[in-house]
Amino acid sequence: MRVPSLIWAILVFVLLTLFFEVGIAPIAELLTGTAAPLPSSLARMYEAMTAVAILLYFSYREDSWVEFLQPLNDFVRDPRPSPTKRRLQVALLIVLPLFAGWVTFRQSVAVLEPPIDPPGIHFNLPNRYISVRNPLPWTEENISEGGALFTKYCAMCHGDTLDGNGLFARALQPRPANFRDSGTIAQLDENYVFWRIKEGAPGLPAGTIGYRSAMPIWDGVLTETEIWKIIMYEYTNAGVKPAKRE
Amino acid sequence: MVIRRLICMILLLIVTMAAPAQQETGRRLFMQYCIWCHGEQGDGNGPSAEGMFPRPRDLIRGDYLIRSTPHGQLPTDEDISRTVAKGLPGTPMPAWEKILSEQERGDLVTFLKSLSPRFETEKRESLTIPAAAGSIERGEEIYRDSRCYMCHGEAGRGDGPITTTLAFEWGFPYQARDFTRGWTFKGSPEIDQIYLRITGGLNGTPMGPYRDLLSDQDRWDLAHYVASLDEEPSSTSEDFVVLAAFREGKLPVEYDAPAWQQTQAALIPLAGQVIQDPPVRWWTPTTQSVTVRALWNGDAIGFLLEWNDPTGPGSEIPDSALLQFAAQPGGRPYFLFGDAHNPVKVWHWQEGGITEEWVANGSGKIKTAPASFRVTSSWAEGRWHLIFSSNVTDGLPPMEGEFVPLLLSIRDGANGEAGNTRAISTWLWTTLAPPPSLQPWFSGLAGALGTLILLLLIFSPKGKPDE
Numbered sequence: 001m002r003v004p005s006l007i008w009a010i011l012v013f014v015l016l017t018l019f020f021e022v023g024i025a026p027i028a029e030l031l032t033g034t035a036a037p038l039p040s041s042l043a044r045m046y047e048a049m050t051a052v053a054i055l056l057y058f059s060y061r062e063d064s065w066v067e068f069l070q071p072l073n074d075f076v077r078d079p080r081p082s083p084t085k086r087r088l089q090v091a092l093l094i095v096l097p098l099f100a101g102w103v104t105f106r107q108s109v110a111v112l113e114p115p116i117d118p119p120g121i122h123f124n125l126p127n128r129y130i131s132v133r134n135p136l137p138w139t140e141e142n143i144s145e146g147g148a149l150f151t152k153y154c155a156m157c158h159g160d161t162l163d164g165n166g167l168f169a170r171a172l173q174p175r176p177a178n179f180r181d182s183g184t185i186a187q188l189d190e191n192y193v194f195w196r197i198k199e200g201a202p203g204l205p206a207g208t209i210g211y212r213s214a215m216p217i218w219d220g221v222l223t224e225t226e227i228w229k230i231i232m233y234e235y236t237n238a239g240v241k242p243a244k245r246e
Numbered sequence: 001m002v003i004r005r006l007i008c009m010i011l012l013l014i015v016t017m018a019a020p021a022q023q024e025t026g027r028r029l030f031m032q033y034c035i036w037c038h039g040e041q042g043d044g045n046g047p048s049a050e051g052m053f054p055r056p057r058d059l060i061r062g063d064y065l066i067r068s069t070p071h072g073q074l075p076t077d078e079d080i081s082r083t084v085a086k087g088l089p090g091t092p093m094p095a096w097e098k099i100l101s102e103q104e105r106g107d108l109v110t111f112l113k114s115l116s117p118r119f120e121t122e123k124r125e126s127l128t129i130p131a132a133a134g135s136i137e138r139g140e141e142i143y144r145d146s147r148c149y150m151c152h153g154e155a156g157r158g159d160g161p162i163t164t165t166l167a168f169e170w171g172f173p174y175q176a177r178d179f180t181r182g183w184t185f186k187g188s189p190e191i192d193q194i195y196l197r198i199t200g201g202l203n204g205t206p207m208g209p210y211r212d213l214l215s216d217q218d219r220w221d222l223a224h225y226v227a228s229l230d231e232e233p234s235s236t237s238e239d240f241v242v243l244a245a246f247r248e249g250k251l252p253v254e255y256d257a258p259a260w261q262q263t264q265a266a267l268i269p270l271a272g273q274v275i276q277d278p279p280v281r282w283w284t285p286t287t288q289s290v291t292v293r294a295l296w297n298g299d300a301i302g303f304l305l306e307w308n309d310p311t312g313p314g315s316e317i318p319d320s321a322l323l324q325f326a327a328q329p330g331g332r333p334y335f336l337f338g339d340a341h342n343p344v345k346v347w348h349w350q351e352g353g354i355t356e357e358w359v360a361n362g363s364g365k366i367k368t369a370p371a372s373f374r375v376t377s378s379w380a381e382g383r384w385h386l387i388f389s390s391n392v393t394d395g396l397p398p399m400e401g402e403f404v405p406l407l408l409s410i411r412d413g414a415n416g417e418a419g420n421t422r423a424i425s426t427w428l429w430t431t432l433a434p435p436p437s438l439q440p441w442f443s444g445l446a447g448a449l450g451t452l453i454l455l456l457l458i459f460s461p462k463g464k465p466d467e
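Protein sequences appear in the order of chains A and B. Residue 1 is where the first sequence starts when you use the working numbering, and the numbers rise one by one after that. Residue 1 is where the second sequence starts when you use the working numbering, and the numbers rise one by one after that.
Treat the hints as calculated values from the structure; they're not laboratory data. On a predicted model such as this, the values are computed, not experimentally measured, just so you know. Accuracy of the hints is not assured; some may be wrong.
[As the list claims (entries may be wrong)] Some but not every residue of chain B turned toward chain A, in silico, with C-beta under 8 Å: (1) 36; (2) 115; (3) 429.
Ideal Cβ placement from N, Cα and C applies to all residues, glycine included.
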């Protein structure tokens, strides 16, 4: 028995949709090591493109289009429908309008969603910091002094465990940086971290998510030497290394 | 024979070497992670211990809070490992379970025990926890009869009449637990843990053991009652939105009015103000969270702020609270009193009925304006209740259909909080819930009817274009 082309179309659409919704994240994780689910808006777009491609494929020739629509025509325009088919037709007449009504109702109830912060963009290191270098050696003594300073000034937000979960962290939006994450200090050079500690959130452009953060300005409270010691402690105890200079 | 003897000797050697090796690994971990607060000697005098509340524990004394053993005894190895893994919630002692493996925690415990000679001589035995049902009502009676309220307060908010006099045996100030904030229970708010605290007390603190004063069932009932006081799970707001619910008629001025109690509360955590000095960057605020409810009726808007404060009014330095809004539509000012380009509007209330309105362009640039809001305040059973109310169009940026940045801040005078020494949130959002409307129902009806007509056209035999 030949499978009707409408069934094929539905099957292909369902499989691809499943792939977009749940299939991409594990494959991405397998290939790159980090879980990266497809943004839902992108998934919707791919699904719409899939639907259009399938319709184009079947409507390319007149006869294949007629064959494609055959099961629908059989169902809707049967001059002498069987009692079962008649019942199905009536059910469709009830269910579909109810569904459409529900969807329009939901869409016209005002949705209250707060504005989303623009995603974390990378801020360029100001020119005056480009040639700045850590003048201190990575000695146990320097790192240890950095530890004492970190615990006193930084740990209440960034956490003694350096994972951004200090006692104050749950009150802060955006959350304090997690230094154990590969996306924070591990992908930055030391002088970039130096800039962020020295100038804090007010040193970033107004209107960005970085400017919204509660990171204080430490210039004037901590000396430059103290800041370098804190930086060396952060890298050492978080078990990560500064990114290579380009 | 020789081989057997050799094997025996090697085994003996491994056994005697294993403990010092464990202790050595533990010592290394301690030096890497713990000395900053607990000090290199483990005496609780690390370089950052000064100004911490509560102070880091002196591990040489061997007085551990979280134990499964009777009062006065040392903790079991599992007890210490648990405290290291879970941390002490509500204090600066963090949870180490994601950083240290079980093996490493075990090594650390071996080292910690070596700090106090008591572990060599004193016995330790775990208490058994009865697996029994408990009655909250019976527990409440026992709470009264045993006078738990003297420290913990009538409503369990840590505001009992003698609560401000409490101290550790070694003199540091001590705070009776506020039972409405389960996440600050040092040994977790699970019922069997509460049972253990009641039974064995907290060594070195005014919380004594009730093992000989109350029966097993009594302590179990009491544990159920204490657990029932935790308000946290029902009201935590993770999305940082304060939604003003719509309500016809006059906004109630009593905080316990049903209209307020029926409104969804947002629980907003607070942090210390560590951005600016003078006077000081503030690491030890008392107020760890505030609940907010908002109502509006088309003309007026009200914000009900409630927070726990065991000391209440009457301190030398007055308590105070403020609400801060972005002053201009669409503005995203710097969260601490705005910036040069984006002003903020501040409603400031101070104990004693003082209200002030400020327009600020940064911490040093605050101008006082005539107050466009009113505050009714009261303090009862360890909790402040404040209602800020104002005309919705008067002085606030447009809120209808718009999300406006909102910030909250509390000062506890009894904790020495004055000026910019305060507990503070970062920017939250506030907006008005739209008044109820029939429009969505009409839209839904139209959608359903339209679809029905379309379907009928398709089904009708006349509409057969392709035959």
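For each hint, the structure was consulted:
Restraint check, residue 36(B) versus chain A: the minimum CB separation of about 4 Å is within 8 Å; hint holds. Interface hint status for residue 115(B): violated, as the beta-carbon distance to the closest one in chain A is roughly 19 Å, over 8 Å. Annotation: interface hint on residue 429(B) holds; nearest CB of chain A at approximately 4 Å, less than 8 Å.
Hint violations for this structure: number 2 only, all remaining hints satisfied.
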